[in-house]
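**Student:** For reference, the chains in residue letters:
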Amino acid sequence: MTYISKPRLHHPTLTANKVGYTRRDYEGRISTLCAGCGHDSISAAIIQACWELDIEPHRVAKLSGIGCSSKTPDYFLGASHGFNTVHGRMPSALTGANLANRDLLYLGVSGDGDSASIGLGQFANAMRRGVRMAYIVENNGVYGLTKGQFSATADRGSKSKKGVINSDSPIDLVGIALQLGATYVARSFSGDKEQLVPLIKGAMEHGGAAFIDIISPCVTFNNHAGSTKSYDYVREHNEAVNRIDFIASRNEITTMYAPGELVDVQQHDGSMLRLRKLRADYDATDRYSAMSYMQAHQARGEIVTGLLYVDPLATDLHTSLNTSAHALNAMGVAQLCPGSSALEKVNASLR
Amino acid sequence: MQRTDISNPTYFHKVVDCQWACPAHTPVPEYIRLIAQGRYSDAYMINWTSNVFPGILGRTCDRPCEPACRRGRVEENNGAAPEPVAICRLKRVAADMKDDVRLRMPALSPKNGKRVACIGAGPASLTVARDLAPLGYDVTVFDGEAKAGGFIRTQIPRFRLPESVIDEETGYILDLGVTFKSGQRIDSMNALLAENYDAVFVGCGAPRGRDLDLPGRKAAAANIHIGIDWLASVSFGHITTIGRRVIVLGGGNTAMDCCRSSRRLGGDEVKVIVRSGFEEMKASPWEKEDAMHEGIPIINYHVPKAFVLEGGKLIGMTFEIVKAVFDDQGQRTLVPTGAPDALIECDDVLLAVGQENSFPWIERDCGIEFDKWGLPMLGKATHQSTIAHVFFGGDAAFGPKNIITAVAHGHEAAVSIDRLLHGEDIQQRPDPMTNLMSQKMGIHEWSYDNDTSNDLRFKVPWAKAEMALASIKIEVELGFDVATAFKEAHRCLNCDVQTVFTDTACIECDACVDICPMDCITFTANADEAELRQHLQAPANNHQQALYVSGELKTGRIMAKDEDVCLHCGLCAERCPTGAWDMQKFLLNTTQAGAACRNGAQVKTLEEVVA
Ligand SMILES: Cc1cc2nc3c(=O)[nH]c(=O)nc-3n(C[C@H](O)[C@H](O)[C@H](O)COP(=O)(O)OP(=O)(O)OC[C@H]3O[C@@H](n4cnc5c(N)ncnc54)[C@H](O)[C@@H]3O)c2cc1C
Ligand SMILES: Cc1ncc(C[n+]2csc(CCOP(=O)(O)OP(=O)(O)O)c2C)c(N)n1
Ligand code: SF4
Ligand code: SF4
Ligand code: SF4
Ligand SMILES: [Mg+2]
Numbered sequence: 001m002t003y004i005s006k007p008r009l010h011h012p013t014l015t016a017n018k019v020g021y022t023r024r025d026y027e028g029r030i031s032t033l034c035a036g037c038g039h040d041s042i043s044a045a046i047i048q049a050c051w052e053l054d055i056e057p058h059r060v061a062k063l064s065g066i067g068c069s070s071k072t073p074d075y076f077l078g079a080s081h082g083f084n085t086v087h088g089r090m091p092s093a094l095t096g097a098n099l100a101n102r103d104l105l106y107l108g109v110s111g112d113g114d115s116a117s118i119g120l121g122q123f124a125n126a127m128r129r130g131v132r133m134a135y136i137v138e139n140n141g142v143y144g145l146t147k148g149q150f151s152a153t154a155d156r157g158s159k160s161k162k163g164v165i166n167s168d169s170p171i172d173l174v175g176i177a178l179q180l181g182a183t184y185v186a187r188s189f190s191g192d193k194e195q196l197v198p199l200i201k202g203a204m205e206h207g208g209a210a211f212i213d214i215i216s217p218c219v220t221f222n223n224h225a226g227s228t229k230s231y232d233y234v235r236e237h238n239e240a241v242n243r244i245d246f247i248a249s250r251n252e253i254t255t256m257y258a259p260g261e262l263v264d265v266q267q268h269d270g271s272m273l274r275l276r277k278l279r280a281d282y283d284a285t286d287r288y289s290a291m292s293y294m295q296a297h298q299a300r301g302e303i304v305t306g307l308l309y310v311d312p313l314a315t316d317l318h319t320s321l322n323t324s325a326h327a328l329n330a331m332g333v334a335q336l337c338p339g340s341s342a343l344e345k346v347n348a349s350l351r
Numbered sequence: 001m002q003r004t005d006i007s008n009p010t011y012f013h014k015v016v017d018c019q020w021a022c023p024a025h026t027p028v029p030e031y032i033r034l035i036a037q038g039r040y041s042d043a044y045m046i047n048w049t050s051n052v053f054p055g056i057l058g059r060t061c062d063r064p065c066e067p068a069c070r071r072g073r074v075e076e077n078n079g080a081a082p083e084p085v086a087i088c089r090l091k092r093v094a095a096d097m098k099d100d101v102r103l104r105m106p107a108l109s110p111k112n113g114k115r116v117a118c119i120g121a122g123p124a125s126l127t128v129a130r131d132l133a134p135l136g137y138d139v140t141v142f143d144g145e146a147k148a149g150g151f152i153r154t155q156i157p158r159f160r161l162p163e164s165v166i167d168e169e170t171g172y173i174l175d176l177g178v179t180f181k182s183g184q185r186i187d188s189m190n191a192l193l194a195e196n197y198d199a200v201f202v203g204c205g206a207p208r209g210r211d212l213d214l215p216g217r218k219a220a221a222a223n224i225h226i227g228i229d230w231l232a233s234v235s236f237g238h239i240t241t242i243g244r245r246v247i248v249l250g251g252g253n254t255a256m257d258c259c260r261s262s263r264r265l266g267g268d269e270v271k272v273i274v275r276s277g278f279e280e281m282k283a284s285p286w287e288k289e290d291a292m293h294e295g296i297p298i299i300n301y302h303v304p305k306a307f308v309l310e311g312g313k314l315i316g317m318t319f320e321i322v323k324a325v326f327d328d329q330g331q332r333t334l335v336p337t338g339a340p341d342a343l344i345e346c347d348d349v350l351l352a353v354g355q356e357n358s359f360p361w362i363e364r365d366c367g368i369e370f371d372k373w374g375l376p377m378l379g380k381a382t383h384q385s386t387i388a389h390v391f392f393g394g395d396a397a398f399g400p401k402n403i404i405t406a407v408a409h410g411h412e413a414a415v416s417i418d419r420l421l422h423g424e425d426i427q428q429r430p431d432p433m434t435n436l437m438s439q440k441m442g443i444h445e446w447s448y449d450n451d452t453s454n455d456l457r458f459k460v461p462w463a464k465a466e467m468a469l470a471s472i473k474i475e476v477e478l479g480f481d482v483a484t485a486f487k488e489a490h491r492c493l494n495c496d497v498q499t500v501f502t503d504t505a506c507i508e509c510d511a512c513v514d515i516c517p518m519d520c521i522t523f524t525a526n527a528d529e530a531e532l533r534q535h536l537q538a539p540a541n542n543h544q545q546a547l548y549v550s551g552e553l554k555t556g557r558i559m560a561k562d563e564d565v566c567l568h569c570g571l572c573a574e575r576c577p578t579g580a581w582d583m584q585k586f587l588l589n590t591t592q593a594g595a596a597c598r599n600g601a602q603v604k605t606l607e608e609v610v611a
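Line by line, the protein sequences give chains P and V. If you read the first sequence in the working numbering, its first letter stands for residue 1, the second for the next number, and so on. If you read the second sequence in the working numbering, its first letter stands for residue 1, the second for the next number, and so on.
Don't take every hint at face value.
What the hints assert, rightly or not - In the BS3-like style, the derived pairs of lysine-lysine whose C-alpha atoms are separated by at most 30 Å in a straight line are:
#1 P:K6 - V:K473
#2 V:K464 - P:K6
#3 P:K147 - V:K440
#4 V:K288 - V:K323
#5 V:K554 - P:K277
#6 P:K161 - V:K440
#7 V:K271 - P:K162
#8 P:K6 - V:K440
#9 V:K585 - P:K6
#10 V:K323 - P:K6
#11 V:K440 - P:K71
#12 V:K181 - V:K282
#13 P:K159 - V:K554
#14 P:K6 - V:K14
#15 P:K161 - V:K554
#16 V:K282 - V:K440
#17 V:K372 - P:K147
The set of hints was computed from the structure by calculation and includes no laboratory data. On a predicted model such as this, the values are computed, not experimentally measured, just so you know.
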């Protein structure tokens, strides 16, 4: 852990975004993670994405569970709302917060242990319900915080730091998210910000449940030869299907590409995701072909990254429950507590 | 780009902006750290070794280090106006607060039988004497004045520099077994050469103040004074008053000293008048500020036309009012505005319009050649004249500069003399002594304080204006107290503690990129320098500062670090999991006269050398 705080001084050319903040304004406290932990790079990518999106920090709520990954919300968006919940229970806390206040942008930060081991049920149901959020799993294949035990995403045959071979099959969070109806599904790598930052931006602006599985090496417990989540292994096996550019509005589109190479996907809020295909046979708007592509390539040992699936017309839990258009904190007492006669009516309708 | 060669001593030296800019290459951050630790005597001796006059320079130095200081760049666009570390005033702290340092002065070697004559007892000559006397040379310093110090003593007014400081620091040198022949002006170079000194160093300064030949100059002579002569007379106490209304012509440091001295000798309406613009004045910004602070207006774009007399007595001067016009090439000319000439009334005029070299005592047939400007023809690095064993330094060498330049010349000339008298080629200059050492003490502990201070520059307290103006002998600046010095010292970024990168250890995890507060570090595809500078985490537009570039890394990319605004906070090294980054202190000392500057040849006689 670093003893000093990050100096306040910044580069003289650092600029403010449309809402008046510099990138440094989106930072949090100095990280207490191990030097070189992939999670810190993800924090930096989130900071970059929020700055580029001109997001006002007070419009974001960041929720997390328990783990090194779940500690990271302390290290970014220091001026945003935050809730460090119980191990594996971030999705239900986030769902509740979202139902109460639909006006905030929700950022769920979790680990592979937090989401695939203890919190698998929570994870699955949040995806299934279409809670509008950007759900990020910082996936290192181990329980970093408790000293490196294999987590449920560890690949079969992967070797622990002490030399033990993992014999269980891995849970593929991307596969589950696709299967359970998430409307924005991506995989990336903490060491590739060029790919990661636009993916986070697309997720933050997505209209439904957005999930990003980010492979994020644990330098201390899972970065050795024989690990399938090490910097070297991921770099060697990374197969990106596309690169995305996030474009806030249509008139900003300037570069021209040959037809067929590009897919423009307009999201519900008018923003555009421009996909530059790296694999001609990959279609990111078809859930089922995405699933089979993923499985086929994963079986060959490839780590498929990029925007794997997006449904531009996604809706969310509020739409399906037909909830009020306003956040609860924006309503008056009379609306929130309409009195016993209203209760009578509801009860009567159910008799 | 090519992989950076950090073994070249100039690479890291340039990163230490202040040391690079200091003509004597004083290891500034090294002594600033010692001040923060309260080790004033140690800090003083580091200065003494490099710049010879820490107490004097700590009050008067032209401080080329300060405009160069990185602190000024890193504070840019970070709130208040950017300001460098008060390097010069910290030097004074070391001098003011040190203990008795006499026991730390160099031991004297047995005499080596070589005789060296130094003409003038200014900073240049005294530096030569300081460097050579302890080595066993028999050094004789001649000066026409009664006391040593040169212009330091005769020109710089006492309210900026108390005489006790001059006595102390010239004393340390004269006590090294130097023979000081005071009151002895050398009238003939030929006669001096006939005395067969093994080497002669000419440090006689640039003693002649320029005159201004305008109508009325002769008739009003009684009230028109050449600035540097007048200051010398004030210094010796021959002049103690001046008229109530004074005009000072000129914009350099002589003008500033003239106007402020006048304020203390009865001038209560003192004006500085310059031909061109305020910004173009030669005086440093702080000198101008000091003068204006004392109620002295600076009037610009006034070209002097005539001295005006009434009844045979000076009553004022007329000026043509001009403006600056720039042509396509950016060349400036001053053109009349057409406004009627201004008459500015005065009782006395001080001329501070420049200084000239003059060598009336050097016979033009003695073998020393002069150029068309009247300056001696010299080797740029060696300071050697057209007579092999005669050297020039200080203002006498390349025209008037300042004290620290005179000191730097003295060191170089001493190296030349030492090598020459040991029969070695003086064109060959010794490399500096350098050392690079890790500062790591623990996982996140360093042997320097890496926590960057957010303080803005502290102001040096001043004596109350009424008090300061009451006497020419009262020092205006009071110097930092211990607590302020400590805080100011912390503003220093320790630019000598270098970020050193080991390519083979890097796993490209981005931790350093993510933590760096100044966006210095980028992993990127290699390109030529111009392109690379624009494709970094932040643009690298200061071409004075290098890009530190690694060899090819595992992913085929390179690491490129812009040295420009690095805070030397060490966070990159703290966040690096493999120790690919390390903070290593780079110490550079220029090599001075003595065994270290020589190749080790036998001592030859002068006849052998000259032959
Ligand atoms: C008014 C004024 C203010 C200044 N203020 C500053 C300042 O604040 N900071 C700064 O850095 N610089 C300042 N300078 C410049 C600085 O004083 C000089 O650059 C510096 O002193 C030059 O040093 P030097 O060793 O070359 O010679 P000098 O200091 O000029 O000394 C030359 C000495 O040689 C002696 N001499 C000359 N001819 C002979 C001879 N034939 N025989 C024997 N002796 C001889 C002279 O008497 C004199 O003592 C100032 C200059 C002036 C005029
Ligand atoms: C209910 C509960 N069970 C177990 C733990 C112990 N525990 C803390 S963190 C953690 C695993 C975290 O792993 P992951 O989510 O992958 O985070 P990482 O540290 O790897 O980023 C466990 C099991 C706990 N804090 N709470
Ligand atoms: S233990 Fe692993 S996951 Fe946790 S901070 Fe260290 S490197 Fe990161
Ligand atoms: S910050 Fe310190 S070391 Fe760096 S240039 Fe300024 S005085 Fe020198
Ligand atoms: S020392 Fe390292 S982290 Fe600190 S400013 Fe310099 S490059 Fe950046
Ligand atoms: Mg984990």
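**Student:** Evaluate each hint against the coordinates.
**Tutor:** Do the hints match the structure? See the list:
1. P:K6 - V:K473: Roughly 47 Å between the alpha carbons, so the hint for K6 (chain P) and K473 (chain V) is violated.
2. V:K464 - P:K6: Not satisfied, since the Cα-Cα distance of roughly 40 Å exceeds 30 Å.
3. P:K147 - V:K440: Distance ~26 Å between K147 (chain P) and K440 (chain V) Cα, so the pair holds.
4. V:K288 - V:K323: Answer holds: K288 (chain V) to K323 (chain V) is near 21 Å, not above 30 Å.
5. V:K554 - P:K277: holds, 26 Å
6. P:K161 - V:K440: holds, 27 Å
7. V:K271 - P:K162: Given pair K271 (chain V), K162 (chain P) is violated - Cα atoms ~82 Å apart, limit 30 Å.
8. P:K6 - V:K440: holds, 19 Å
9. V:K585 - P:K6: holds, 21 Å
10. V:K323 - P:K6: With a Cα-Cα distance of about 49 Å, the restraint between K323 (chain V) and K6 (chain P) is violated, given a limit of 30 Å.
11. V:K440 - P:K71: Holds, because 28 Å separates the two Cα atoms, which is no more than 30 Å.
12. V:K181 - V:K282: The given pair, whose Cα atoms are some 35 Å apart, is violated under the 30 Å limit.
13. P:K159 - V:K554: holds, 23 Å
14. P:K6 - V:K14: holds, 25 Å
15. P:K161 - V:K554: holds, 23 Å
16. V:K282 - V:K440: Violated - the C-alpha atoms of K440 (chain V) and K282 (chain V) are around 45 Å apart, more than 30 Å.
17. V:K372 - P:K147: It is violated: about 79 Å lies between the C-alpha atoms, which goes past 30 Å.
The structure is inconsistent with the numbered hints 1, 2, 7, 10, 12, 16, 17, although it conforms to all the rest.
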